[in-house]
Amino acid sequence: MNPLLELLVSLLIVLGSIFVLVGSVGLIKLPDLMSRLHAPTKATTLGLGGVLLASMLYFLGTSGELSIHELLITLFLFITAPVTAHFIAKAHMHKQQQLRKQLPPTGSGKGWSTYDQPDQEADDGSNN
Amino acid sequence: MIHYALLFGFCAVCVSLLVNLWRVVLGPTLMDRVLAVDTMVINAIALIILVGIYQSTTIYFESALLFAMFGFISTVAFCRFVLRGDVIE
Amino acid sequence: MLTMELLVATTIGTLTTAAIYLLQRARTFPVILGLALLSYATNVFLFAMGRLTINAPPLISADASRYTDPLPQALVLTAIVISFGMTAVIVVMALRAWLESGNDHVDLESQPNIDEGDGE
Amino acid sequence: MSHWIILPILLPAITAPLLALAVRHDIVLARTFSLASSLLMLMLALFLLSQASDGTILKYHLGNWPAPFGIVLALDRLSAMMLLLNALLGLLVLLYAMGGWDKRGLHFHPMFQFLLMGINGAFLTGDLFNLFVFFEVLLIASYGLMVHGGGALRLRSGVQYVVINLIGSSIFLIAVGLIYSVTGTLNMADLALKVAAVQPGDQALLHTGALLLLLVFCIKAALVPVQFWLPATYANAPAPIAALFAIMTKVGAYAIIRVYTLIFGASAGAESWIAGSWLVPAALVTLALGAMGVLAARSLGQLVSFAVIMSMGTLLTAVGLFTPQSMSAALYYLLHSTLAAGAMFLVVDLVVQRRAQHGDLLQPAPSFAQISLIGGCFFVAAIAMTGMPPLSGFIAKLQILNSVRHADAAVWIWALLLTGSLLSILGFARAGSLLFWKSTAVNGELKPGRRSGTLPLVALGLVFGSLLLLTIFAGPVNHYLEQTAAQLFAPQGYIDAVLATEGVR
Amino acid sequence: MSAAKDNRTLAQRWLPHPLMTLAMVVLWMFLQNSFTIDGLIMGLLLGVLIPIITSGFWPDRPAIRSHRKALSFLMLVAWDVVVSNIVVARLILFRRASTLRTRWVSVPLELESPEAIALLSSTITMTPGTVSADISADGRNLLVHCLDAPDAEDAVLQMKRRYEARIKEIFQ
Amino acid sequence: MNLALIVILPFLGAVLPSLMIRVGRNASAIATASITLLTLALLLTHVPAVLRGEIPAISWQWLPALGLNVSFYLDGLGLLFAGLILGIGLLITIYARFYLAKKDPMGTFYSYLLLFQGAMVGIVLSDNILLLLIFWELTSLSSFLLIGYWRHLPEGRQGARMALVVTGGGGLALIAGMLLLGQAAGSYELQQILQQRELIQSSPLYLPALLLILIGCFTKSAQFPFHFWLPHAMAAPTPVSAYLHSATMVKAGVFLMARLWPVMSGTDAWFYLLVTTGLVTMVIGSFIALFKDDLKGLLAFSTVSHLGLMTLLLGLSTPMAAVAAVFHILNHATFKASLFMNAGIIDHETGTRDIKRLGGLLMLMPISATLAMVTAASMAGLAPFNGFLSKELMLEAAFHAEWAGNPWLIALLATFAALLSVAYSFRYIVHVFFGRRRDLDSHPHDPPAGMWLPPALLALLVVLIGLFPETMAGQLVRVAAGAVTGGQLPEFHLALWHGLTPALGLSLLATIGGLLLLANYARVRHWWQAGPHPEAKILFDGGQQLLITGCQRLVMGIHNGSLQRYIAALLAAALVLGVAAFFSSNYSSGQRPLLPAGPAMVVPWLLLIGCTLAAVVFHRQRFVSLMIIGVNGLIVSLGFVYLSAPDLALTQISVEVVTVILMLLALYFLPKQTPRAASILPRMRGVVLALGGGIGVGALSWAVMTRDFSTLSGYYLEQAKPGGGGNNVVNVILVDFRGFDTFGEIIVLGIAALAIVALLDGALRGRIHKSLENWQADEPTSADRHPLIMVVATRLMLPMALMVGAYIFLRGHNMPGGGFIAGLVVSIALIMQYMASGFGWAARQVKVDYHAMIGIGVLIAAATGIASMVLDHPFLTSKTEYVALPLIGKVGLASAMAFDTGVFLTVVGAVMLALAALSRMGHRLAHLPVNRRPMDINPRASNATPRQEKR
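Residue numbers (this note's numbering), protein chains in the order written: chain A, 1 to 128; chain B, 1 to 89; chain C, 1 to 120; chain D, 1 to 505; chain E, 1 to 172; chain F, 1 to 951.
Hints are computed from structural coordinates only; laboratory data are not their basis.
Since this is a predicted model, take the numbers as computed values, not measurements.
Keep in mind that the hints are not guaranteed to be accurate.
Think about it this way: if two alpha-carbon atoms lie no more than 25 Å apart in a straight line, the pair counts; the simulated BS3-like pairs of lysine-lysine are [to be verified]:
#, chain 1, residue 1, chain 2, residue 2
1, D, K447, F, K770
2, E, K69, E, K168
3, F, K537, F, K672
4, F, K292, F, K537
5, D, K103, D, K447
6, F, K672, A, K95
7, F, K721, F, K537
8, D, K103, F, K770
9, D, K59, F, K879
10, F, K356, F, K292
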């Protein structure tokens, strides 16, 4: 495959893996869970994105045809990563009840959903 | 050239995997462990992709895909367990 | 030197060790975890019976020169599925046992001695 | 080409899903289907027996692949006999269960049919790994049935049963893996050839695999030191299931007979007859333990369970000698003890149902309904279990004693067998006189027990009937069994039949 | 399969979400990794089938007003993601943890459709130094955790302007 | 033919009384009597022939391989016994009719009686010793039933059990003995055995055989030291005692000794065993009898002593002694049966059998008294009654015999025993019928004729035989004795008066001595009571209890219900077996070139090891360890990827996730922590076993992986494409080569799901549910059940996931994937949806009957197989059709695809069914309603709510 592409691939690989590494480093370096949460959700996803892109280009180079699989994975990750982060955050808040005081007010009548019942239950169906 | 890049990649990913393990074992809180495991999955995917490039084969793609999907599911399941106890309600 | 065979063998060894240790715990849940580990161990073991090969998946294609032994893989697949079913059942069984007896100890207390009247 | 051989597996495999699919809400329909299928199975088994009785070995290349590569079913005299036994016991137990047991939980009938299917498969298959699969099928069905109806004690002993068997399955896999790793094949007939030709350097692995496999079968057959699961399981299982379990221990015995005559039999070179030297001592200890257990038991169920252990000890002692005479004697005893144990467990259930809160505990309790009738049933069943005349047990005992005469351990076997039966006679006599005689002297009130119709009694009667037939026609049966043993000890026929590739793609 | 409501037109019944169908076909092509006729046929088949199966889970169809805006928004986010990563990387590597000014902020929402809110929160999570942690019980506020925000107000404003406004345009 | 009938008839008839009892007690009795009578008649038809010396015989084959035949023959001995059995049986039947009380279930009694009769006749007629064994044990069983007839009496139950254990045990010994005998003689046919004297006696098996057989005989015939069961058998109704325990069953042992006399007798072993036992039994029996206050007890011990007498006679091994034995069998049967019935009458009339409370009954019940006196005199051996004759013969024989060169010992002891028997016989008469009348609450008088006639008849026989022995019994005794000795007989003449023989002297001595003894009874008794009386029953029960408790200690000690121990035993067994096997046969290390391991695998390996250890360390925090084990699965599948097993990797990871979710669902209800194990010892045991097992398995795998081997996989690789129509060999193996395994596998899954449903459904109904009503989650739960973000995300992902599933399914045959994995992917996609918006809601959106799905799946899989059967190929024969579709071109449709569909459906059905059941249960227990909306928070709904403006 042509050297330019090869260079690109290598670059992407290196960059990607650096980001992956950074994400994990953040996991140990940062002080508390909420800030740790930032590291993997961002860095790792992007790092992985880089690696995926690399492999895409690589196979484009070797087999000539564009392999779009990797895009799919990236797509998956970009959809899921925020959800994961969201959930972990919620679970964390739930576990650390004392956080409740530090949180800013919602501004509306209801509190944060992790702690406060939304008023949906009222009109719900019977037990089955 | 790619070979060296890959080598670097392997090392980086492996180190981060070990780091994750470190988190899993140390914690301190439960959610830290969950987070670490989630990251571990993502890093594992990276590893698979690298291996794929290394062996220049695409058959590992599905594995990576499923890893991505199932990593998500299991993390969510863990969180739901912590949040609600009942995973499916 | 570090070889794949060594890694796999030690892996199997470790998994088995952990599995057996957990199997002998007093509560159902650790025992079930032990069973899960044991099934990993046996699956990997069974897989290893076809010897190890790298980058030679049993997918027939023109440019592939060699293939790994597909049979053990098929066997392991079956084994995985079966052990999955088994695990599911034992989990639920343990759950039901817990719900019924409020006790998840694996041991049964042996029945008390019965006063046997006139030697009967 | 004839598809008869696959049918014993296919029939329940189709009935069961239908039961789960269509008629799971309608107990009557479910019963009808289940019963019909079991009846068909019985006829099928009879037909197959007639096919196999002339010594021909029918085989069935699944997927039409030649022998060592595809899975092969093979039907010889032994398999045919076991099929018949299974079909018969299955039918009768089913009849009994229709007395109300099948309504105490969901999905009794599908799981029951699946259980029969698994057992049939184990009897028919000629492939080691396929044997594993069918073991799992029958095991998981038995798990489901074992805890049918619930109850704390039943559930907890069920958990024990499952755990032990799961460990057993893992060992099974390891053993199969080892055998494959040196022979490179799974087909039993092919193994019989390959085992003889294995490199000397690999023998250790092969031997290990072979003996681990033996251990697995011994778990199923409840041999010391892996008999522990049996008493709790059988004593706490639903009676009809316990009755059917009587044949599950025999599956283990069957596997031992099959594998260690065919694969590790005369032709296995360095690995010939490796089972016997381990089997006989273990079996003798089992026999002794079982007999003592019968005496020590504190509940009727426990007592019968130990009687089963004892019978397995007896059976495998005779098997373990691996001589044609002892084998045919063992097979006769196998037939007898299966039916006898089945009958005994049914009787236990009849007692439990009537004794209400006292269950089957061996303690004085007020007299209960139909005490004389049930007592009579108990007496007959006990005669069968303890091997007293006039039922087949006595003949079986005579045959075994007669056939082991020339073994090295003959004196031991005789002594243990006879003392064992004395102990069991004592145990059963005590239990019987307590439950059915002493109860008449105890006054007090019983909670209303479960009422069951006459169907259970009919089923029990039929079991007794088959025992009687087995006794009366001991001559012809034994003739068949001698041929069976002969066939087992000349495995070449089996091997040639299975490996023959005519008519395969 | 799905709970059939009779007030649906034929088109709605057989093509509940045309957009999704399209997406499915494209996705199928992705997976196939190569273009063949029968692949396309199969893709179309699934593309029709799957939406029908899953339509039960899409009680209300999200209405995307302008696809152009959506596209540009995606571009923006993609760029921000890259940037944010570099930013975060720097924070992680070169800032001592103690000097980080982490804080919680509460973002009031004008968006109303769940899809929009979800999109916003995902965007926030993927972009510089912010993770959307929770939503208020009445769904009117978003709880965001900032890794390093000197000024809360500013951060909130940032988010509202840069993303919420655009998303609003897309959906309403 | 009718010879067999003689045996079979009682068995067949045994049901009759139980049926007739519905008609009435008389009917039942008559039925029994008529059956007995008929049988007796059949027997009598043979009498002339037998007396002529012919031996009618009959034989069918039963189990030729074993030498077990149904063969009977009737010779003198058989005739004598059969006659006694049936004749006395008839009398007993009549007697019992009047003896049994209203409340006693008469039908069963007669049934048992007939069973016994049949068994007994079987013993004496059978020509095959194995057949004889069967009847032998049958007598034990039927006597067990008869002794325990009054089931409410503890004495009855215990006596019955004792009798069963002793005689049954003896029977077991007899089995062994007979088998040895048969081996020695080379046949189990009695008549042939009886020809083999030299062969048998020269065989090394002779002594063991003799010993075992004699154990059988002695137990049955209550010889010392096995005599103790007989007195306790007296708990039975008197007719039974009279019948079984005096006249017939207890004679079975004697009969067998007589039967085998021709081949077994004549050796020293035989002589000393029998003579000694006989003498001791005689003396002890008669001695104890003297001091028994219970009438039946007295008679029982006297029976013991008389049996001893017969044993002695047979032991002497001289033809004349044999004659005496035979004659005494006859006599004893007559007078003892009569005496028992008499005792029964007394009991029946006075309500007691205690001699001390009886006396002076002569006037009150003259008939009974007369009968008693006649028969008792005969028992004492007084002229002119038959007892005298046989006693004379006995003393004669004893006088000539010598024991270990000691000429007078036998005679002395025999006389002493005779003396004692005189004493107790007279005690029976004097203390019961004469002397002062004790005050009894009842007013005894002679019973109805039906009750005293049977004994009367016997008493008549006693007298007649006594007066005219030759005419009455001579012929019978000759043939019988001839049968015993096997032909040659000395000239003898049965008569009261043989002149002044030493025997006469001895018997005079005995009579006088006996009377003197009785005269000083009080003093003797006083002396007796001073001495110790070892009570056999206490010893027996003690021994039995000891045995039982011993067994309980041992067995229940082992089976203490501890699964941990069971598992340990199993693992230890595996370990021992494995090690023994490995090191007992030769092994050489392999030469396979090994693969170098790059960092890409070393680190995952480290991870795996680390996680495994962590899982063990954290195993008490269940959630954590579960999570970590999840990671293990992940890494294992990573390894599969690397080691070129993509299918395995996919399966492993999918199964992994489902399993974890399942366990989480269960863990919701289970405790979240495991308490620390109490004792250190089991933990140590665990560690040791764990290390052993781990090292063992690891080493084995190492040994395997380092050596080459040849496998049949080459075939699969060749055939996969042409034969199986697929490139993914693993998948082709799964659905084609070894499709049958997969068939079984999906069935396992199906069953698992069914079992789970059954289990959980059971938990939601009945007793348990009540206890679960007030169940509480043990951890606090957060507020919103169905977070908005998740719901939206899954809406987006579900179609994608389904698409991926479809993709993986379709390509499975050629690339990694297939029905199973696709099934798991799809079910996980669904699970995701369910996690997001709850099972209840989701299930309402997509209504699928997962039961049906499983069923259909299995059926489809089966159907594909059957389809091939229709095409006359074996089950599951695959077929790849290439059909041309418009504008698509050729498309390969492998039947394997259909099979895979079955797999797919089953998997989805099973997984979803199981999870559905679990989550349903969660609902029920947590008392949570099913949500109407997919998500709890609805921004639109809360639109209106006023909000204060920020800034």
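Next on the checklist: With the threshold set at 25 Å, check whether the alpha-carbon distance from K672/F to K95/A stays at or below it.
Outcome noted: Roughly 15 Å between the alpha carbons, so the hint for K672/F and K95/A holds.
Next on the checklist: With the threshold set at 25 Å, check whether the alpha-carbon distance from K103/D to K447/D stays at or below it.
Outcome noted: Judged against 25 Å, a Cα distance of about 21 Å means the pair holds.
Checklist entry - When you check the alpha-carbon spacing of K721/F and K537/F, does it fall within 25 Å? => result Given pair K721/F, K537/F is violated - Cα atoms ~82 Å apart, limit 25 Å.
Checklist entry - If you draw a straight line from the CA of K69/E to the CA of K168/E, is it 25 Å or shorter? => result Since the Cα atoms of K69/E and K168/E sit roughly 10 Å apart, the hinted pair holds (cutoff 25 Å).
Checklist entry - Would the pair K356/F and K292/F pass a check requiring their Cα atoms to be no farther apart than 25 Å? => result holds (10 Å)
Checklist entry - CA of K292/F to CA of K537/F, is that 25 Å or under? => result holds (15 Å)
Next on the checklist: Run the distance test for K537/F versus K672/F: straight-line Cα separation, threshold 25 Å.
Outcome noted: violated (59 Å)
Next on the checklist: Next pair to validate is K447/D with K770/F; report whether the Cα-Cα distance is within 25 Å.
Outcome noted: The hint holds at about 21 Å.
Next on the checklist: For a C-alpha distance cap of 25 Å, please report whether K103/D and K770/F respect it.
Outcome noted: Status holds; Cα separation ~20 Å.
Checklist entry - Is it true that the CA of K59/D sits at most 25 Å from the CA of K879/F? => result holds (22 Å)
When the structure is compared with the earlier hints, violations turn up for hints 3 and 7 and for no others.
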